[in-house]
Amino acid sequence: MKRRLYILFVLFLFSILSRGEETFDCQQVIYDFLVRYTSDLRITTDNLSPEQKMKSDRVMTLYGNYRLLPESWKELNISVLYYENRGYEAIWSLGGDTLWHIIFPNSYELILGKTRYELEIMLRDDIMNTLTEYEYVNDSVSIMPISDSIYVSQKNKVYLSKKMSTAAYYKFNTEGRLELLRDVFYPKQLAINLCQFPLFRDLLLSITQNIYDSTRSYTLPLAKWLSYCQQQECIIYVGVEIEEKDLLRMLVICENKFLGYNHMLSVLFPVRDNCLILNNPIDVALTAYIPTYNIIKD
Amino acid sequence: MIKKFLLLSILSASVVVQATVQVKITSGLDNPALQAKMECTMSQLLTEINAAQSANRSLNFGAIGVPQSVQVSMSMLWENTQFVCTETLLEEKCISTNNGYQFRAIPLQIKPDPEEQLDEDEYQEAVISFDHQGVLLSFYFSLSTTQYSQVIRGSKELTDVRRRQVILDYTERFRTAYNQKDIQFMEQIFSDDALIITGQVIKQKPVDGFFLPDKIIYKKYTKHEYLANLRRSFARNGYIRVTFDEIKVLRHPTDPTIYGVTLHQGYTSSNYHDDGYLFILWDFSDESQPQILVRTWQPDSFNGGKLPEEEVFSLDDFDI
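Read top to bottom, the protein sequences are chains A and B. For the first sequence, position 198 matches number 198 in our numbering, and the numbering has no gaps at all. For the second sequence, position 272 matches number 570 in our numbering, and the numbering has no gaps at all.
Just so you know, these hints were derived from the structure itself, not from any lab. On a predicted model such as this, the values are computed, not experimentally measured, just so you know. Mixed in with the good hints, there may be bad ones.
Below, simulated DSS-like cross-link-like pairs (lysine-lysine); rule was C-alpha separation at most 25 angstroms, straight line [stated by the list, open to error]:
hint: 1; chain 1: B; residue 1: K546; chain 2: A; residue 2: K55
hint: 2; chain 1: B; residue 1: K604; chain 2: A; residue 2: K53
hint: 3; chain 1: B; residue 1: K546; chain 2: A; residue 2: K163
hint: 4; chain 1: B; residue 1: K501; chain 2: B; residue 2: K604
hint: 5; chain 1: A; residue 1: K171; chain 2: A; residue 2: K188
hint: 6; chain 1: B; residue 1: K546; chain 2: A; residue 2: K157
hint: 7; chain 1: B; residue 1: K604; chain 2: A; residue 2: K55
hint: 8; chain 1: A; residue 1: K162; chain 2: B; residue 2: K546
hint: 9; chain 1: B; residue 1: K479; chain 2: A; residue 2: K55
hint: 10; chain 1: A; residue 1: K257; chain 2: B; residue 2: K546
hint: 11; chain 1: A; residue 1: K114; chain 2: B; residue 2: K479
hint: 12; chain 1: B; residue 1: K513; chain 2: B; residue 2: K501
hint: 13; chain 1: B; residue 1: K479; chain 2: A; residue 2: K53
hint: 14; chain 1: A; residue 1: K245; chain 2: A; residue 2: K188
Extracted from the complex, chain A is given alone in its bound form (with noise of 0.2 angstroms):
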């Protein structure tokens, strides 16, 4: 409930402004970066001057100076905003004066402050550690139907191409109501429904993991997964690479515009006579925080 009204204000916010930016109010993560920033300011690290620290990482100040920041900022007035595709901009000011005034990069090892290397070997422990259970969000789905009895979800999301989408399959059940489709007689829809949706609870993935200098191998929920995934605002796409008639390769891309990072699956489901195999575990392998920041966009 928290949520969907933390969604609602949000988007609220976004709806009156006129340059049509998307703002969320300080979330946590961008709040504890810029206080752990400013402080590394105050210290010089690797022989950086501060001003060849703020070169290096993309910071730029737009007005003011950090050193003019109060040690409490209990008094201030800090408002970030958040460019798609761009980055942030945060405004410290006090009693209508500004302080300081910095854009900066969407940069998950700048604002995380810990390299890919680090979030690669911490991430099976951020994911078993996601305390939020997975939610379905109540909105209403416009959906057309591709069959006699299933339906895809329409206005869909797409990464790069059109076989990439946040597409979803449903169908009515024995009581007449719509609902995903688990249906394993209809193997590439229901594979596409369980890259997105903890259809069934006690499936897991075996997850091959692979690293900067090696791989890791592991095995978690998939409701687990999703959950890190929705927790951490990520939109999951999903499309079919390869189908075969013993085999279904999918990939998924778990996308993080606000931390500037791709999670990228290619998921395995055997089919046999047109029956999903539902192995459990799953086999996955798995990309991480791959960097989209610093890419340009088409």
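Fit chain B to the known structure of chain A by using the hints.
Positioned in the frame of chain A, the structure of chain B alone reads:
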């Protein structure tokens, strides 16, 4: 009246696609014989393209004298989609390159189906390269990612999406290897035949009180030479910090296992800083171990301004 209008439209459309193309080089070259040779080759090539598209047949290079490698790459491009040059007279500027000469922005239109109407959205530009003797070296489209997806229809789109993500992944690992001074990673990631090119801005001394413009000199290194220099650099610097920005990934138009990445690099070490453009050519033929075939670096500013985009190394500049 309507019938006459339709007939005129059909006639004019057929005139466009069968048109002979004449190419004239207007500047950038001071050798009349070489100029005539390249003009003739380009004219014949573009005229043959129009004739082949009109007749819905394969390209016939017989009379033109096109090297086998170019015939193969153009035929592969043609198999995916046909194209025409709708201009009958092209006036082109000649650009000098390390390998010879280049002509950019040759206007083409993509026509996947000969019966389709020409569409402004299908506009493409080609780049034609010659060696110093005026022999044709290559013919490529200069494409953005968005345009490329229009050209190569019916290809394995999601495999391409996945490979692009892997390219971004490996490019980031490449950056990490610099920051961690991981020479072992560099040994593995560079192909043994890798070509490394580094550009250096040379400031020229004034002559008779007149200031001369800076020039860029390019030096070639083998993998062995480059890694030896890198080892010395790693040993001499307490820390190295490399950043990558403005990353662009482009797939080779005919070889789906080759990708080019252009990016802006910031390099800071204990006692040095520079900014420049990096180009990396990735070989994906072994997906589990992508390798770098080419790595080039150029300064991002030149003569007081930004390095012109056409001077930045890209996929078009290398024959695979």
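Here is what the structure says about each hint:
1. B:K546 x A:K55: Holds, at about 22 angstroms.
2. B:K604 x A:K53: Holds, at about 23 angstroms.
3. B:K546 x A:K163: holds, 22 angstroms
4. B:K501 x B:K604: Answer holds: K501 of chain B to K604 of chain B is near 16 angstroms, not above 25 angstroms.
5. A:K171 x A:K188: holds, 14 angstroms
6. B:K546 x A:K157: Cα-Cα ~22 angstroms, so holds.
7. B:K604 x A:K55: holds, 18 angstroms
8. A:K162 x B:K546: Given pair K162 of chain A, K546 of chain B holds - Cα atoms ~20 angstroms apart, limit 25 angstroms.
9. B:K479 x A:K55: holds, 21 angstroms
10. A:K257 x B:K546: Answer holds: K257 of chain A to K546 of chain B is near 18 angstroms, not above 25 angstroms.
11. A:K114 x B:K479: holds, 18 angstroms
12. B:K513 x B:K501: holds, 7 angstroms
13. B:K479 x A:K53: holds, 20 angstroms
14. A:K245 x A:K188: holds, 11 angstroms
Hint compliance for this structure: no hint is broken.
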